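**Q** Sequence:
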Amino acid sequence: MDLKNFNLAPLYKLDQEWALLTAGTKEKFNTMTISWGGFGTIWNKPVVTVYVRPNRYTYEFMENNEYFTISFYDEEYKKDLGILGTKSGKDMDKIALTKLTPNFLSKGISFKEAELTIICKKIYFQDLDINNINNQSIVQSELDRFYKEEPMHRMYIGEVIEIIDRR
Numbered sequence: 005m006d007l008k009n010f011n012l013a014p015l016y017k018l019d020q021e022w023a024l025l026t027a028g029t030k031e032k033f034n035t036m037t038i039s040w041g042g043f044g045t046i047w048n049k050p051v052v053t054v055y056v057r058p059n060r061y062t063y064e065f066m067e068n069n070e071y072f073t074i075s076f077y078d079e080e081y082k083k084d085l086g087i088l089g090t091k092s093g094k095d096m097d098k099i100a101l102t103k104l105t106p107n108f109l110s111k112g113i114s115f116k117e118a119e120l121t122i123i124c125k126k127i128y129f130q131d132l133d134i135n136n137i138n139n140q141s142i143v144q145s146e147l148d149r150f151y152k153e154e155p156m157h158r159m160y161i162g163e164v165i166e167i168i169d170r171r
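One gets this note's numbering by counting positions in the sequence shown from 1 and adding 4 to each.
Rather than coming from a laboratory, the hints here were simulated on the basis of the structure.
Any given hint could turn out to be false.
[Claimed, not checked] For each label pair, taking beta carbons as the anchor points, the in silico distance ranges come out as:
{"hint": "1", "residue 1": "Met156", "residue 2": "Asn68", "range": "31 to 39 Å"}
{"hint": "2", "residue 1": "Pro106", "residue 2": "Ile137", "range": "30 to 38 Å"}
{"hint": "3", "residue 1": "Asn68", "residue 2": "Lys103", "range": "26 to 34 Å"}
{"hint": "4", "residue 1": "Lys111", "residue 2": "Thr45", "range": "15 to 23 Å"}
{"hint": "5", "residue 1": "Asp169", "residue 2": "Lys30", "range": "22 to 30 Å"}
{"hint": "6", "residue 1": "Asn48", "residue 2": "Asp169", "range": "20 to 28 Å"}
[As the list claims (entries may be wrong)] Below, in silico cross-link-like pairs of lysine-lysine (DSSO-like), each with a Cα-Cα straight-line distance of 27 Å or less:
{"hint": "7", "residue 1": "Lys125", "residue 2": "Lys94"}
{"hint": "8", "residue 1": "Lys49", "residue 2": "Lys125"}
{"hint": "9", "residue 1": "Lys94", "residue 2": "Lys49"}
{"hint": "10", "residue 1": "Lys32", "residue 2": "Lys125"}
{"hint": "11", "residue 1": "Lys152", "residue 2": "Lys125"}
{"hint": "12", "residue 1": "Lys126", "residue 2": "Lys116"}
All values derive from a computational prediction rather than experimental measurement.
Ideal Cβ positions, reconstructed from N, Cα and C, are used throughout, including at glycine.
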């Protein structure tokens, strides 16, 4: 699909419908449900920004692979995305618990049931720093909710290199 003609309501798609973040190889990969992220432009490139905690199994796949995908699904797969967001691929074949079928692309992995897949090349990453959070915008109770017992997220920026749109 031509990137110039691509339309998406990103706040709704991520926050309300969720997506799958997938990284790895045909031989070994992992996917996780995400609702945090963003779409934009940096260095004159269309990009996707995603966040992964270092204690998530997907983190090692994001670290060790050049490409990742963000994929979106019809409402009928919401339960499957719930499973993929609460089970660890480190402990089990969580994909087997869903109706999803891996789709091995030339640069990344998605699922055949995806309505929309965005293939990204990782171009930047950085750990979030709690000292850089504007406490006037984020209250302590929210910080405690996200980070009191969990590590800070790592932010990844991926250049959008291809969009597969079946909507």
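**Q** For each hint, tell me whether it holds in the structure or not.
**A** Evaluation of the provided hints:
Between Met156 and Asn68 the beta carbon distance is about 20 Å. The supplied range of 31 to 39 Å is therefore violated. Restraint check, Pro106 to Ile137: a C-beta distance of roughly 37 Å satisfies the suggested window 30 to 38 Å. Checking the proposed 26 to 34 Å range against Asn68 and Lys103 shows it holds: the Cβ atoms sit about 28 Å from each other. Checked against the given bound of 15 to 23 Å, the beta carbons of Lys111 and Thr45, roughly 21 Å apart, stay inside it.
A C-beta distance of roughly 23 Å is found between Asp169 and Lys30, which places it inside the suggested range of 22 to 30 Å. The supplied range of 20 to 28 Å is met by Asn48 and Asp169, whose beta-carbon atoms lie about 23 Å from each other. With a C-alpha separation of about 24 Å, the suggested pairing of Lys125 with Lys94 holds against the 27 Å cut-off. For the suggested pair Lys49 and Lys125, the alpha carbons sit about 11 Å apart, so the restraint of at most 27 Å is met.
Restraint check for Lys94 and Lys49: the C-alpha separation of about 33 Å exceeds 27 Å, so the hint is violated. The suggested pairing of Lys32 with Lys125 holds, with an alpha-carbon distance near 18 Å, which does not exceed 27 Å. For the suggested pair Lys152 and Lys125, the alpha carbons sit about 32 Å apart, so the restraint of at most 27 Å is broken. Proposed proximity of Lys126 and Lys116 is supported: the alpha carbons are some 23 Å apart, at most 27 Å.
The structure does not agree with the numbered hints 1, 9 and 11 stated previously, though it agrees with the rest.
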